[in-house]
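Asks: From first to last, the protein sequence lines are chains F and D. The first sequence begins at 1129 in our numbering and counts up one residue at a time. The second sequence begins at 1129 in our numbering and counts up one residue at a time.
Don't read these hints as lab results, they were simulated from the structure. There could be a bad hint or two in this list.
One copy or two, either will do: identical chains are not told apart, so a pair holds if it fits within one copy or between any two.
[To be verified] In silico SDA-like cross-links for lysine to any residue, where the CA-CA straight-line distance does not exceed 20 Å:
#1 Lys1159 x Glu1232
#2 Lys1464 x Ala1268
#3 Lys1602 x Gly1382
#4 Lys1347 x Phe1370
Protein chains: 2
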Amino acid sequence: MAPDGVSFAVPSPEAIDAQFAEIERRAAGRKVVVVQGLGFVGSAVAAVIAAARTPAGEPTYFVIGVDLATPGSYWKIARVNEGHAPIASPDAEFDRLIAEGVQESRNLCATSAERAYELADVVVVDVQLDVVDRAVESAADIQLRLSGLEAAIRVIGRRMRPDALVLVETTVPFGACERLILPVLREERERRGVTELLLLAHAYERVMPGPRYISSIRKFWRTYAGIDGPSAQAARAFLDSFIDTESFPLRELGDPTASEMAKILENSYRAANIAFIHEWTLLAERTGVNLWEVVDSIRVRQGTHDNMRYPGFGVGGYCLTKDSLLAQWSATHLFKMDHLLDVTLQALGINHRMPLHARDLLRELAGQPLKGLRVLVCGVSYLPDVADTRNSPTEIFVDALLEEGAAVTVHDSSLQFWPERPQVPFAADLAQAMSEADAVVFAVPHGEYRRLTPADFSRAVMVIDANNVIDDAKAGALHAAGSRLLGVGKGHWRKRGYDQLSACPKS
Amino acid sequence: MAPDGVSFAVPSPEAIDAQFAEIERRAAGRKVVVVQGLGFVGSAVAAVIAAARTPAGEPTYFVIGVDLATPGSYWKIARVNEGHAPIASPDAEFDRLIAEGVQESRNLCATSAERAYELADVVVVDVQLDVVDRAVESAADIQLRLSGLEAAIRVIGRRMRPDALVLVETTVPFGACERLILPVLREERERRGVTELLLLAHAYERVMPGPRYISSIRKFWRTYAGIDGPSAQAARAFLDSFIDTESFPLRELGDPTASEMAKILENSYRAANIAFIHEWTLLAERTGVNLWEVVDSIRVRQGTHDNMRYPGFGVGGYCLTKDSLLAQWSATHLFKMDHLLDVTLQALGINHRMPLHARDLLRELAGQPLKGLRVLVCGVSYLPDVADTRNSPTEIFVDALLEEGAAVTVHDSSLQFWPERPQVPFAADLAQAMSEADAVVFAVPHGEYRRLTPADFSRAVMVIDANNVIDDAKAGALHAAGSRLLGVGKGHWRKRGYDQLSACPKS
Chain F
1129 MAPDGVSFAV PSPEAIDAQF AEIERRAAGR KVVVVQGLGF VGSAVAAVIA
1179 AARTPAGEPT YFVIGVDLAT PGSYWKIARV NEGHAPIASP DAEFDRLIAE
1229 GVQESRNLCA TSAERAYELA DVVVVDVQLD VVDRAVESAA DIQLRLSGLE
1279 AAIRVIGRRM RPDALVLVET TVPFGACERL ILPVLREERE RRGVTELLLL
1329 AHAYERVMPG PRYISSIRKF WRTYAGIDGP SAQAARAFLD SFIDTESFPL
1379 RELGDPTASE MAKILENSYR AANIAFIHEW TLLAERTGVN LWEVVDSIRV
1429 RQGTHDNMRY PGFGVGGYCL TKDSLLAQWS ATHLFKMDHL LDVTLQALGI
1479 NHRMPLHARD LLRELAGQPL KGLRVLVCGV SYLPDVADTR NSPTEIFVDA
1529 LLEEGAAVTV HDSSLQFWPE RPQVPFAADL AQAMSEADAV VFAVPHGEYR
1579 RLTPADFSRA VMVIDANNVI DDAKAGALHA AGSRLLGVGK GHWRKRGYDQ
1629 LSACPKS
Chain D
1129 MAPDGVSFAV PSPEAIDAQF AEIERRAAGR KVVVVQGLGF VGSAVAAVIA
1179 AARTPAGEPT YFVIGVDLAT PGSYWKIARV NEGHAPIASP DAEFDRLIAE
1229 GVQESRNLCA TSAERAYELA DVVVVDVQLD VVDRAVESAA DIQLRLSGLE
1279 AAIRVIGRRM RPDALVLVET TVPFGACERL ILPVLREERE RRGVTELLLL
1329 AHAYERVMPG PRYISSIRKF WRTYAGIDGP SAQAARAFLD SFIDTESFPL
1379 RELGDPTASE MAKILENSYR AANIAFIHEW TLLAERTGVN LWEVVDSIRV
1429 RQGTHDNMRY PGFGVGGYCL TKDSLLAQWS ATHLFKMDHL LDVTLQALGI
1479 NHRMPLHARD LLRELAGQPL KGLRVLVCGV SYLPDVADTR NSPTEIFVDA
1529 LLEEGAAVTV HDSSLQFWPE RPQVPFAADL AQAMSEADAV VFAVPHGEYR
1579 RLTPADFSRA VMVIDANNVI DDAKAGALHA AGSRLLGVGK GHWRKRGYDQ
1629 LSACPKS
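The following block holds chain F by itself, in its conformation from the complex (with noise of 0.2 Å):
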């Protein structure tokens, strides 16, 4: 079943031969691309590397995509079949691209058979590979879901041609592609008597959530290694063939281990960012002090300080939200160092607890327990008007209220229903939530909720903005009118009293 709720049946594996047939007679004769895994990463790699033409306008490759007959996957290889990318995206080229590989040039199919790696002469890893538990309590408790993963690679090295690029864009713990990857590649090739030389690389995506979805595939700088110069030679040259690399030259790197590095590296980076400020969030609001005022005013300086974040409601994703621990983990498994990446690992923790801020805001509004309390959460997703639910921070906001009892609903703009919280009531209709709510929360701030108006309130409610949604003259206006607000950065509106009730509230 996928996400939207429609169904797909798990064809038998006869079925799945039959169509594979097919595929292989397509094939023949072309260079052909298999793409491990149709998730976020997958299907998107698929769709750019079908869209690359050659000098002469035909199509560089025929491309398979290859997921599991599971009933937690097939419906990703049947709706790449029907013409149409698997993730709901606001990217309107994403699902062209597909359709268009699939339709029109037909040199994209999905499949979920093994044979498929026979005929590649690239395969591109895009497997997940996700920590059992992001909210670890210390490093020892770090574990990896790694059977996913070595379950892949071991069926390409069943199958895959000997001469075969394998390019790795999982986001892995550095250290992987020789020290995990490498050996089952060889044992499973030496079980069949391969001695040609092999070639393994690492390059890693930095897909983007959102309305540059393709465009952040094929018009965005990408950095690689191989395990050897033939190796990293054959990477360049693949790589080349589909992005834009004239824009944004590729980057080499010594070996895979700095590359998987690199990847990490980045995206702790960004998290720890977002721990930084949470705490002078925390400070701002007990001094009068308007952070998002303060931050705007210090990202002037551009090249030092203008990526500095903004306070928040807290952070979500597939890689933020882990990335670090994978780094982690592989110093203590990989490397068997004793070395603590200790701020780094803080800040995930600080990410984590973050939406428990806005919480204990609520708590201070309400004067008591949440116990009854009718809350509307306004935002599901983690990015502003993408309908992208994975690790939200509103998982932890509302699982968090709902231990105290409180009366939780929610909305988002971006979405009809909640796939990791089904249980909880989804509204259609915001106007008629927020007028049944004793207090609304802004968690995201979708595009939706930032033109509200005060008129659009149609009772006094306890506010929390978690996201700057509510600006200055709109908290003003609805705390005339009686509502009492706070925000998450906001102290001035504490200093201006906005979370006491107004002296005179209008009718």
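Here the structure of chain F is known, so what remains is to put chain D in place on it, guided by the hints.
Replies: Then chain D, alone, in the frame of chain F:
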């Protein structure tokens, strides 16, 4: 005595009075700005204000720099009155502006006479406010040297014209203008019976030692805030009169606490970003990764990652080594919060200990205690090709080496001596010093060190490259010639065995 060893006699009170009578005569009928404190910031700010011109081309202000008639400070007054910048700077414009103001347009002078404040339309406060100890173990240990600032403010309150604007530029704990400075000014003014509205504002500078010293005041962003509307308005008009606010529009914040916090936050962010990368430095060195190259590959992401810091030797200067301590002091003492700036303070500690990592690398290369080892440390300042030694990390490094009994000599391309450690032998001749050392430590990437070639090493030595002074080609040549090398953030050197004796050193 000035830092370059030239002595000036502190004049008698009578001589000061006589000199001031002359200043008073010249200032008569003019708009007067008094800059309090002629240190790194005040002297440059005075130069820039003196260079301001009216639309008619006349000097906008008569500028009086005021400092103390003490053995530690009087030389600054004497220097300025001779027509020279008190601070050595690679920015020739600094010296030129002082000379022009003092000798040509004759609207700039310096004095220790407190009566100067009686003449001022605007008093700019640029006195120092330092912590007692930067290397504190816990937040509770943070202490400020507040008496100097308080005395300075008290003099202003006692002498100022009732309608003068007091503009604080000193980096202060947030809340200081409203909770420390305002009460002192009020007290002194009330004692005099002054009842006029007090004009008080905060506007922080972003002076950068180096070749763009003057430009970093005149052509750069400024943030300000007043204690009330009239104060903010007066501050804006004044800043507008000498800063290029057309290219760099002023930013007003809600109150001085916000402006004071912005300054400290800005520097704390920088310090935190440096500390963050240090954790990864240790990781890279043990996993064969060249972190310099990795950071380069990540910094291509403009607007999010282009300010990522490189590995290095440590952090120096007046601000980044202390400003976070001011923030914690504020929270604890001015706002009575029990909030701990946890990650922010840890970052300062990490940065403070960072030079000891270079010491650890040296220990590793030496394979024995450092007692008796002849170590040449190249680089005493904290910025490349800038003669600024304030809180240089070389202090921490050299102190640690001396404690172990190493025979340390220092060299610095931009200095003739080391004011903070006059007892440490200072080499005038780099080549000779290198020929007499067992180990050479490159602490600062001065151009002279970066231009060294393997031929400049007359003998095989141990090399610690703490700041990417030696590129890989040179490192390979040095290693082949029998030297052994380790570099901060340069795991690939260890992977290549540069820390071991070359199997076949060239003769």
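Asks: Now tell me if each hint is right for this structure.
Replies: For each hint, the structure was consulted:
no., hint, in the structure
1, Lys1159 x Glu1232, "within (18 Å within a copy, 77 Å between copies)"
2, Lys1464 x Ala1268, "within (12 Å within a copy, 36 Å between copies)"
3, Lys1602 x Gly1382, "between (54 Å within a copy, 17 Å between copies)"
4, Lys1347 x Phe1370, "within (10 Å within a copy, 43 Å between copies)"
When held up to the earlier numbered hints, the structure conflicts with none and fits them all.
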